[in-house]
Amino acid sequence: DTAVSQTPKYLVTQMGNDKSIKCEQNLGHDTMYWYKQDSKKFLKIMFSYNNKELIINETVPNRFSPKSPDKAHLNLHINSLELGDSAVYFCASSDSEVGYTFGSGTRLTVV
Amino acid sequence: GQQLNQSPQSMFIQEGEDVSMNCTSSSIFNTWLWYKQDPGEGPVLLIALYKAGELTSNGRLTAQFGITRKDSFLNISASIPSDVGIYFCAGQRTDSWGKFQFGAGTQVVVTP
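Chains as they are written, first to last, in our numbering: chain A, 1 to 111; chain B, 1001 to 1112.
To be clear, the hints were calculated from the coordinates, so they are not data collected in a lab.
As the structure is a computational prediction, the values presented were derived from the model and not from experiment.
We put the beta carbon where it would ideally sit given N, CA and C, even for glycine.
One or more of the hints may lead you astray.
Restricting the straight-line Cα-Cα distance to at most 27 angstroms, the calculated cross-link-like pairs of lysine-lysine (DSS-like) are [to be verified]: (1) LYS19/A with LYS1051/B; (2) LYS40/A with LYS71/A; (3) LYS52/A with LYS1070/B; (4) LYS1070/B with LYS67/A; (5) LYS36/A with LYS9/A; (6) LYS1070/B with LYS41/A; (7) LYS52/A with LYS1099/B.
With the Cβ distance kept under 7 angstroms, some of the chain A side facing chain B (calculated, not the full set) [unchecked claim]: (8) ALA87; (9) PHE90; (10) GLY105.
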């Protein structure tokens, strides 16, 4: 199936740990994104990569570091996790202006 | 900060009723998108609008790109139980290619 797939779907971890979320798309899109959805369902862009190059970097703590080994993958690494990092993180990809295709999300819970 | 105002925040309707929701912005947008999010899933694109005044349908869904380019609305006709979910608008400013701002969402609940 053509899709944006991200793993894991659920992630429960303790404060202070470092964790990674992986994302892969097989749609042939050039641009990939990370979005954060908070408890009020508000979606906010974090990062965007176009052909492995960072093009959008919103005001995000530098504990969050995206990495794009190729244009089909965009991973998100988070250092020193804090309680406030608990949220659902969505990976997405797009081709030109047709809008995003989202992954199914990773629910991160920091305890 | 948040520049898109989406309303209403939630709607409780009976099956068969029509649903309307809208988004307004303080900025001029060149693209409006409407998404639906089911529980535990990512948002799924319903309709994309690219020109002021454009009216586009997708089954029972109809969306319009406002003439002022600062608003958009989505209508759902003859709602059914599977219309339950959160509907998001998203807009792209002319000076922010690839960066869509999302509305806060409209939670739709359909009762039989």
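Comparing the hints with the structure gives:
| no. | hint | in the structure |
| --- | --- | --- |
| 1 | LYS19/A with LYS1051/B | 42 angstroms, violated |
| 2 | LYS40/A with LYS71/A | 31 angstroms, violated |
| 3 | LYS52/A with LYS1070/B | 32 angstroms, violated |
| 4 | LYS1070/B with LYS67/A | 35 angstroms, violated |
| 5 | LYS36/A with LYS9/A | 14 angstroms, holds |
| 6 | LYS1070/B with LYS41/A | 23 angstroms, holds |
| 7 | LYS52/A with LYS1099/B | 17 angstroms, holds |
| 8 | ALA87 | 14 angstroms, violated |
| 9 | PHE90 | 5 angstroms, holds |
| 10 | GLY105 | 5 angstroms, holds |
The earlier numbered hints that this structure contradicts are 1, 2, 3, 4 and 8.
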